[in-house]
Each structure stands twice: as structure tokens, then as C-alpha cells.
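Chemist: For reference, the chains in residue letters:
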Amino acid sequence: MAMEKSENLKNFLKLVSDEKSDLLEKIRWRIANQEWLNKSGAIALRVLTTLKEKNMSQKTLAEMMNVSPQQVNKIVKGSENLTLETITKLEQALDIQLINIIKNYKNQNGNLSIVAEPAQELVN
Amino acid sequence: MKIICTFVEGLWSFKYDGEKFYELERLIENWTDYEYLQNYYSENEKDLLYFGLTIEEAVEITIQETNNLIVFLEKLVNRNIKSLDSIFKPLNDLEFRVIELSKQKAKRRWLRIYAIKIEANCYVITGGAIKLSHKMQEKENTHLELTKLNKCKNYLQSENVFDLESFYDLIF
Numbered sequence: 002m003a004m005e006k007s008e009n010l011k012n013f014l015k016l017v018s019d020e021k022s023d024l025l026e027k028i029r030w031r032i033a034n035q036e037w038l039n040k041s042g043a044i045a046l047r048v049l050t051t052l053k054e055k056n057m058s059q060k061t062l063a064e065m066m067n068v069s070p071q072q073v074n075k076i077v078k079g080s081e082n083l084t085l086e087t088i089t090k091l092e093q094a095l096d097i098q099l100i101n102i103i104k105n106y107k108n109q110n111g112n113l114s115i116v117a118e119p120a121q122e123l124v125n
Numbered sequence: 002m003k004i005i006c007t008f009v010e011g012l013w014s015f016k017y018d019g020e021k022f023y024e025l026e027r028l029i030e031n032w033t034d035y036e037y038l039q040n041y042y043s044e045n046e047k048d049l050l051y052f053g054l055t056i057e058e059a060v061e062i063t064i065q066e067t068n069n070l071i072v073f074l075e076k077l078v079n080r081n082i083k084s085l086d087s088i089f090k091p092l093n094d095l096e097f098r099v100i101e102l103s104k105q106k107a108k109r110r111w112l113r114i115y116a117i118k119i120e121a122n123c124y125v126i127t128g129g130a131i132k133l134s135h136k137m138q139e140k141e142n143t144h145l146e147l148t149k150l151n152k153c154k155n156y157l158q159s160e161n162v163f164d165l166e167s168f169y170d171l172i173f
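Residue numbers (this note's numbering), protein chains in the order written: chain A, 2 to 125; chain B, 2 to 173.
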């Protein structure tokens with residue numbers, strides 16, 4: 002029985018290609034970069050949802066942002082390390098807010114008051 | 002079709018003609034792609050009603066499940082996890098019968114990786130799917146996976162490789 006299994010495996014191994022893959026490197030990269038990838042993904046999903054709501058194509062968004070359609074397609078896949086400039090362009094083109102900076106200030110009494118950006122909008 | 006070594010000892014994967022990636026790689030590419038997932042769930046929005054989820058929630062759950070899968074696969078490299086036989090489960094009871102157990106439904110494990118067992122602790126991946134329906138025959142994508150499993154089995158048999166039992170599903 003053991004011999005039969007061994008022969009089976011030998012026949013199988015003859016079929017295996019020499020082709021190499023870098024999947025392990027890709028996986029390790031994703032694990033190492035998971036924190037920012039989650040943020041990039043959250044932005045991608047918000048952009049995709051907004052495009053759908055506004056019935057807007059990625060091509061139109063690219064034109065509005067003055068970038069290539071390929072660049073927009075990379076963004077919506079959720080693995081782009083986006084710059085603040087790109088995020089701001091997305092916010093302006095789609096008329097949405099994607100990031101919200103929380104500022105921690107201590108007032109005169111030493112108490113912490115938390116203000117979310119854009120501060121002006123919250124005050125008014 | 003080709004058979005490619007994965008990074009896990011005893012685990013191979015089919016690569017089909019015309020495909021850029023081998024199956025395990027293709028699945029991870031798709032399941033980490035927000036655009037792909039949004040399109041997939043938009044096309045299958047009716048199935049999400051059963052789970053009471055929006056498309057966006059389903060995308061986020063899938064991404065989280067894929068992240069778990071990635072960590073699980075990476076751990077296999079260092080053999081921190083038991084033998085492959087302990088992580089592949091025969092499909093018969095789960096997929097081909099009428100319904101899945103309610104316990105498994107509650108667990109909501111959607112991502113499936115299908116494989117053929119060559120011998121103890123040796124498996125070759127034939128594909129995988131986001132499985133929202135109970136039976137593989139019910140949805141086009143899982144039905145296609147069943148066809149691929151059979152096609153791969155026939156190919157292996159034509160090369161005098163006989164799978165030990167039946168088809169398997171990776172449990173992570």
C-alpha cells in the first residue's frame with residue numbers, strides 16, 4: 002500500500018512545473034503593511050460607493066483629479082499608499098470627506114478638549 | 002494547465018491556461034481587491050439579504066477573512082500549524098449534501114479553497130470561491146469550481162495520479 006502511494010506521488014511530481022512564484026513575498030508584504038493597507042482599503046471602498054451613488058465613472062473621476070484612469074483604478078483596488086495630495090484631490094472631486102484629524106488640545110484648566118478637523122465646520 | 006509549487010511543503014496549485022496567476026495566488030489577488038469584491042457583491046446583492054448585510058459590510062468582512070487566511074498561510078511556512086491533513090476537510094459532507102449545519106452557517110465562512118488530495122499531507126489546489134449559497138451547484142461560481150475539481154481529477158488520472166479520497170476544502 003505504501004509503495005502504491007509513493008508511486009502515485011512520483012507520477013504527480015513529474016507533472017509539477019519549474020515555474021516560480023513570489024506569492025510568499027506578497028503575503029509577507031501584506032502582513033507587514035496591514036495597518037496602512039486597511040486605511041487605503043477603507044478609502045477605496047468609500048470612493049467606490051460614492052462613484053456608484055453619483056453614477057460616476059472612474060474615467061470621469063480621473064479627469065476631475067487630473068490623473069490617469071490607471072491611477073484611479075489602482076486607488077479603488079485598495080492597495081495604494083496614498084499621499085495627502087491624492088486624498089485631498091479625491092475629496093474635492095467627489096465632494097466628500099475621507100480623513101478627519103483629531104486634535105487633542107489642553108485648555109487653560111489643563112483639561113483635554115478634543116477637536117475634530119475641519120475645526121471651522123464644527124464651530125459654525 | 003500547469004501544476005505550481007506553492008511556498009508550503011506538500012501544497013501545490015493548478016495554473017490554468019491563459020491565467021496570469023496560479024489559483025491560490027489568483028484567489029488572494031481577488032479577495033484583497035476592493036473593486037473586485039464590490040463588483041462581486043453588487044452582482045450577488047440578493048444573497049446578502051439572507052445575511053442582513055450591505056455590500057460594503059460584506060466587502061469588509063471578506064477582507065478581514067482574507068487577512069486571516071494570509072496570516073494562516075504564512076504560519077504554514079514555518080510549520081507552526083499541524084499537518085496539512087488536519088487543515089483540509091473532505092467536501093462531501095459540507096458541500097454536496099442538502100444543507101450545511103446551522104453552526105457553520107452562523108460562522109459565516111465564505112471563502113473556500115478547494116483541493117484534491119494526492120496522498121497523506123499532499124494536496125493540489127484547483128480553485129476557490131466566495132460561497133454564499135449552501136450547495137456548490139446552486140451558484141454559477143461554485144458550480145464552476147466543481148467543474149474545475151472534476152477536470153483536474155480527470156487530468157491527474159490521465160497521468161496515472163489517483164486522488165486518495167475525494168475533494169477537499171481548506172479550513173482556516
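Fair warning: there could be bad hints in the mix.
[As the list claims (entries may be wrong)] Every beta carbon over 12 Å from chain A, so not counted as near; a handful from chain B, in silico: (1) TYR35; (2) LEU49; (3) SER84; (4) LEU147; (5) ASP164.
[What the hints assert, rightly or not] Computed cross-link-like contacts, DSSO-like style, restricted to lysine-lysine with a CA-CA straight-line distance of at most 30 Å: (6) A:LYS78 to A:LYS53; (7) A:LYS78 to B:LYS3; (8) B:LYS149 to B:LYS21; (9) A:LYS21 to B:LYS21; (10) B:LYS90 to B:LYS3; (11) A:LYS11 to B:LYS140; (12) A:LYS107 to A:LYS40; (13) B:LYS140 to A:LYS78; (14) A:LYS75 to B:LYS76; (15) B:LYS149 to A:LYS27.
It is worth saying that the hints were derived from the structure and are not from the lab. Quick caveat, the model's predicted, so the values are computed rather than measured. For every residue, glycine included, the Cβ atom is placed at its ideal position computed from N, Cα and C.
Chemist: Look at each hint and say if it fits the structure.
Modeler: Now for the hints, and whether the structure bears them out:
1. Not every CB of chain A is more than 12 Å from the CB of TYR35 of chain B (nearest about 4 Å), against its label as outside the interface.
2. For LEU49 of chain B, the non-interface assignment is confirmed: its Cβ lies about 15 Å from the closest Cβ of chain A, beyond the 12 Å cut-off.
3. Distance to chain A confirms SER84 of chain B as a non-interface residue, since its nearest Cβ pair spans about 15 Å, more than 12 Å.
4. Listed as outside the interface, LEU147 of chain B is consistent with that label: its C-beta sits roughly 22 Å from the nearest C-beta of chain A, beyond the 12 Å cut-off.
5. In this structure ASP164 of chain B is not separated from chain A by more than 12 Å, as the shortest Cβ-Cβ distance comes to only about 9 Å.
6. Taking the CA atoms of LYS78 of chain A and LYS53 of chain A, the gap is about 15 Å. The hint holds against a cut of 30 Å.
7. Distance restraint check for LYS78 of chain A and LYS3 of chain B: the Cα-Cα separation of roughly 28 Å lies within the 30 Å cut-off, and the hinted pair is therefore satisfied.
8. A hinted pair counts as satisfied when its Cα atoms are at most 30 Å apart, and LYS149 of chain B with LYS21 of chain B qualifies at roughly 17 Å.
9. Distance check on the hinted pair: LYS21 of chain A and LYS21 of chain B sit about 13 Å apart at the alpha-carbon level, within 30 Å; holds.
10. Straight-line distance between C-alpha atoms of LYS90 of chain B and LYS3 of chain B comes to about 24 Å, which keeps the hinted pair within the 30 Å bound.
11. Distance hint between LYS11 of chain A and LYS140 of chain B is unfulfilled; the C-alpha atoms sit about 36 Å from each other, more than 30 Å.
12. Between LYS107 of chain A and LYS40 of chain A, the direct Cα distance comes to roughly 28 Å. Compliance with the 30 Å bound is thereby established for this hinted pair.
13. At most 30 Å may separate the alpha-carbon atoms for a hinted pair to count; LYS140 of chain B and LYS78 of chain A meet this at roughly 25 Å.
14. Of the supplied pair hints, the one linking LYS75 of chain A and LYS76 of chain B holds, its CA atoms being roughly 29 Å apart against a limit of 30 Å.
15. Simply put, LYS149 of chain B and LYS27 of chain A have alpha-carbon atoms about 26 Å apart, close enough for the 30 Å limit, and the pair holds.
In summary, the structure is inconsistent with hints 1, 5 and 11 from the numbered list given earlier, while agreeing with the others.
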